[in-house]
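J.: Chain order of the listed sequences is A and B. Numbered as in the UniProt record's numbering, the first sequence ends at 395 without a single skipped number. Numbered as in the UniProt record's numbering, the second sequence ends at 106 without a single skipped number.
Simulated from the structure, these hints should not be mistaken for lab results. Incorrect hints may have been included.
What the hints assert, rightly or not - Facing chain A, according to a computed beta carbon distance under 10 Å, are these residues of chain B, among others:
#1 ASP32
#2 ILE37
#3 GLU39
#4 CYS44
#5 LEU61
#6 GLU63
#7 GLU67
To be verified - Okay, derived cross-link-like pairs now, BS3-like style, lysine-lysine, Cα gap no bigger than 27 Å in a straight line:
#8 B:LYS60 / B:LYS13
#9 A:LYS364 / A:LYS269
#10 B:LYS34 / A:LYS269
#11 A:LYS301 / A:LYS113
#12 B:LYS60 / A:LYS269
#13 A:LYS113 / A:LYS102
#14 A:LYS102 / B:LYS34
#15 B:LYS34 / B:LYS60
All values derive from a computational prediction rather than experimental measurement. Cβ coordinates follow ideal geometry from the N, Cα and C atoms, glycine included.
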Amino acid sequence: METITEQKFQFNPYSPIMDSDPFPFYKTLRDQYPCFWSDDVNMWILSRYDDIKRAGVEWETFSSSQGNLVDELPGRSGSTLGTTDPPRHDRLRKLIQSAFAKNNLMHLMDPTKELVTEVLDRVLEMGSFDFVQDFSSQITVGTLFAMMGLPDEDHHEVRRNVILSIQSDQETRQKGPEHIAGFKFLTNYVEDIVRQRRAGPKDDLISRLILAEIDGDKLEEAEIIMTSATIILAGVESLSSFLSMMAYNMATFPDARRRIAADVSLMPKAIEETLRFNTSAQRFKRVLTKDLEMHGQQMKKGDFVMLCYGSANRDERFFRNPDVYDLERNTRGHLGFGGGVHLCLGNMFARMITTIAMGEFFTKIPEYYISVEELNWNPSTTFRSPVKLPLTIGK
Amino acid sequence: MPQITYIDSDGNKHQVELPLGATIMEGAVQNDIKGIIAECGGSCMCATCHCYIAEDYLDKLPEMEEEEDEMLEGAVAPRTERSRLGCQVRISNALDGLVVEIPQEQ
């Protein structure tokens, strides 16, 4: 007689439930399967804080050279910061790093404040609005375009294609033609800008990449294009999604929101806790450069490994009461921006823009609520963010 | 083991002993010294372990590499002659008695 066996645990990052709420799955992974092979995505899944932290430091074993997005986009591997290893990574990063250093971002503060005021005025008039469309993406596209010297009239088209680029098809479990086409649009777009900057260099990031040399060699065309496209992707989507997650959290935790609205000096704490609690970049990928045993599982050279940053940040082995959003928490060591050599290049940029944008948002709109019962989440194996976040001002 | 004194970002003094070969950043993180963030974990990628080294020890430090120099340019607190990234300075016997000051901002 057949017996009913316990249903096998699955970890399928293509399922919609993973987009909306991956945290219960993470907990099972951490507690029962700390090194888990997922047939659904054909890679090992690491979920505990210590393991993810280690993978970030041991870049020689956990290599980024075959892509870092769970579903990689064509042409990126080996041509961007996130998809190369040291030493080339370090040299490429050095060229770009200074543009993202805090003291080189100060000139963006006043224009960002102006933009936030303008966008908030419109939102206040609307009363009910979509935070993603009407607020967060307006801010991030605006500031990123200002930083990179890109023309304002391209905002809409660029953002639309950025969104397509980060999505995956849930049925076929890979990037669909529309997602590839979205990314192709972005790379063609950057290619045009590169051509213009070659003809007439300006004082901006793309010109700097064109003129730069590493060990006497110019950067390859693909490196310039893929790196710039990735910065646009991250600057527009990761940051916009982060703002959205923060607005979402504060709708869910009104006490924290009211404290911030009354005292915006709490913003840095709120930012760090949001990065820990549910940042938008949930999962990234590495490839093993040698055989490795972890938690009794034998992994092989060439195997892909998924690093669940969003799980590490909820690991009760590292954070006390990790599922509680706590403004008073010591968040030191959180992996909301990753860690190690691939620590998010834009971390200072993101913190600065968020402090200005959300500080002003909570001050002007201390009371709001989510106007729908259920949110639609982006189908993405790497990022987690709502497609729309409909909000209504008031209690 | 060499003795190091940290003055944290609130101005409080902490005297600790550090093993040879540890970095100033690691010593600060392990002893929970306020003001060192060390977000990138010692990869010289974030400038959040910026510290000021006591003047009389400056010539006993390992030489600064170009990467550290570049990162320090992006540090939040003012860069001075005494500025170093804690992750790039390893403890040696010559550093016994060193005083390290942590800036208020990283």
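J.: Against the 27 Å threshold, does the CA-CA distance of LYS34 (chain B) and LYS60 (chain B) hold or violate the hint?
T.: Roughly 25 Å between the alpha carbons, so the hint for LYS34 (chain B) and LYS60 (chain B) holds.
J.: Need the status of pair LYS102 (chain A), LYS34 (chain B): alpha-carbon distance at most 27 Å?
T.: This hinted pair holds, its Cα atoms lying about 21 Å apart.
J.: Just to be careful, I want the Cα atoms of LYS364 (chain A) and LYS269 (chain A) compared with a cutoff of 27 Å; is the pair within it?
T.: 19 Å, holds
J.: Once the shortest beta carbon distance from LEU61 (chain B) to chain A is found, is it less than 10 Å?
T.: 21 Å, violated
J.: Is it true that the CA of LYS60 (chain B) sits at most 27 Å from the CA of LYS13 (chain B)?
T.: Cα-Cα ~22 Å, so holds.
J.: What's the verdict on LYS113 (chain A) and LYS102 (chain A), does the C-alpha distance respect the 27 Å limit or exceed it?
T.: 16 Å, holds
J.: Was the hint right that ASP32 (chain B) lines chain A, CB cutoff 10 Å?
T.: OK, holds: ASP32 (chain B) within 10 Å of chain A, min 9 Å.
J.: Would the hint linking LYS34 (chain B) and LYS269 (chain A) be met if the CA-CA limit is 27 Å?
T.: 15 Å, holds
J.: Grab the minimum C-beta distance from CYS44 (chain B) to chain A and call the hint holds if it beats 10 Å, violated otherwise.
T.: OK, holds: CYS44 (chain B) within 10 Å of chain A, min 8 Å.
J.: Mind checking the alpha carbons of LYS60 (chain B) and LYS269 (chain A) for me, to see if they're no more than 27 Å apart?
T.: 37 Å, violated
J.: Given a cut of 10 Å on the nearest C-beta pair, is the interface hint for GLU67 (chain B) held or broken against chain A?
T.: Since the shortest Cβ distance to chain A is 6 Å, the answer is holds.
J.: Classify the hint on ILE37 (chain B) as holds or violated, based on whether any CB of chain A lies nearer than 10 Å to its CB.
T.: Interface hint status for ILE37 (chain B): holds (7 Å vs cutoff 10 Å).
The structure is inconsistent with the numbered hints 5, 6, 11 and 12, although it conforms to all the rest.
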